[in-house]
Amino acid sequence: MKRDNVGDTRIEDRVKELLVERLFLKVSPGDVGDDDVITDTLGVDSVSVFEIVVGLEEEYGLSFEDEDFDMEVFKTVHAMADFVRSKLGDGSGGD
Amino acid sequence: MAVGEIEEQVVIAGEGGRLFGMMHCPAPGSVRGAFAICHPFAEEKKCAHRALVMLARAMAAEGFAALRFDLTGCGDSEGTHGDATVSVWRRDIAAAVGFLGERAPGVPVGAMGVRLGATLAAAAAADLPHLKRLILWEPVLSGEDYFATSLRRILIKQMMTDGRSRNTRDEFLQRLRRGEGTVDYDGFEVTGALYQELCGLRLPAAPPADDVFMLQIGVRAEIGRELEALSASWAEQGAEQGASVAVEAITSPPIWSRLELVDAGPMIEATMRRLRGGV
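So the sequence lines, in the order shown, correspond to chains A and B.
Position one of the first sequence corresponds to residue 1 (this note's numbering), numbered consecutively onward.
Position one of the second sequence corresponds to residue 96 (this note's numbering), numbered consecutively onward.
Each hint should be verified, as a subset may be incorrect.
Computed cross-link-like contacts, EDC-like style, restricted to lysine to aspartate or glutamate with a CA-CA straight-line distance of at most 20 Å [said to hold, decoys possible]: (1) Lys252(B) / Asp4(A); (2) Lys75(A) / Asp257(B); (3) Lys252(B) / Asp34(A); (4) Lys26(A) / Glu355(B).
For the record, the hints were derived by calculation from the structure and aren't laboratory data.
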């Protein structure tokens, strides 16, 4: 079953918070659009992606496998949230 | 620099050849300690470079001679990265510490390191009983975990270039475990020998010096469990000998991996505060 939230927090919203927190961005999470291409709007580079990976793994208890390193996963907040959902979808992680 | 302080290039006789270094000397007559500064691994060295220059200058300004030097196969030192092993680098650190002891006789000598440089400094300290102080910025707890995690960076870079990663970490690791050639780690040659020794590298179980100051640098304000436990263990073990162990957390972007300008001021100030009040 597709899960929109983990707990009371919409996954997209938590991903935005993680981006701001882990990348030390000088924007607020609310300024980041669900479908913004983050390499364009936030200047995300390979170093940033590494931080995002670690952040998502720690937050949701999931694990990125080598084959998960696909730019489509990291393209937007929405894409990252969908990835989290796909990893949690079998009930093996998250809240 | 203040009047009387000197910065000079030096050459140290290292394991694999000559090691390039920069000495930051306090004004004559004001030296009260000395530190060998051990840089991080591979690309992290480049990103942390400026912060370490600033730290060395801050140390010299307050009476601590600081020796920044390049390990074998790194920076301007002789040798290639393919010549490097953990053992070689530990002996390089010993050589740097020895060099400092000759240049600044009669004052306590310590070592400072960032990331893998911190772990190497702590490991080298086991062979250097006269090394009194260690300053460890975000030390790598396990060389094996660090390397395996860091391989992800290669995959991520491939992804950023080609849309998807081309290799798997297992491919790299199997090649290294079998001793089949080398792995191009972000432009740095990693041999099977270096990999095997990295796998055995950890922060020591026993306190590595009389005075150890660790900085955790990252997004978390609270100290990580493993580092906290190690710090407590070192403090307990060293208590009878009057050893001092402390760990602080600095919330900051990682200076060793950010390409943009990162303010290293908080880390430098925390370090200098420790030195002012240390043993």
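Quick rundown of the hints versus the structure:
{"no.": "1", "hint": "Lys252(B) / Asp4(A)", "result": "violated (30 Å)"}
{"no.": "2", "hint": "Lys75(A) / Asp257(B)", "result": "holds (14 Å)"}
{"no.": "3", "hint": "Lys252(B) / Asp34(A)", "result": "violated (24 Å)"}
{"no.": "4", "hint": "Lys26(A) / Glu355(B)", "result": "holds (14 Å)"}
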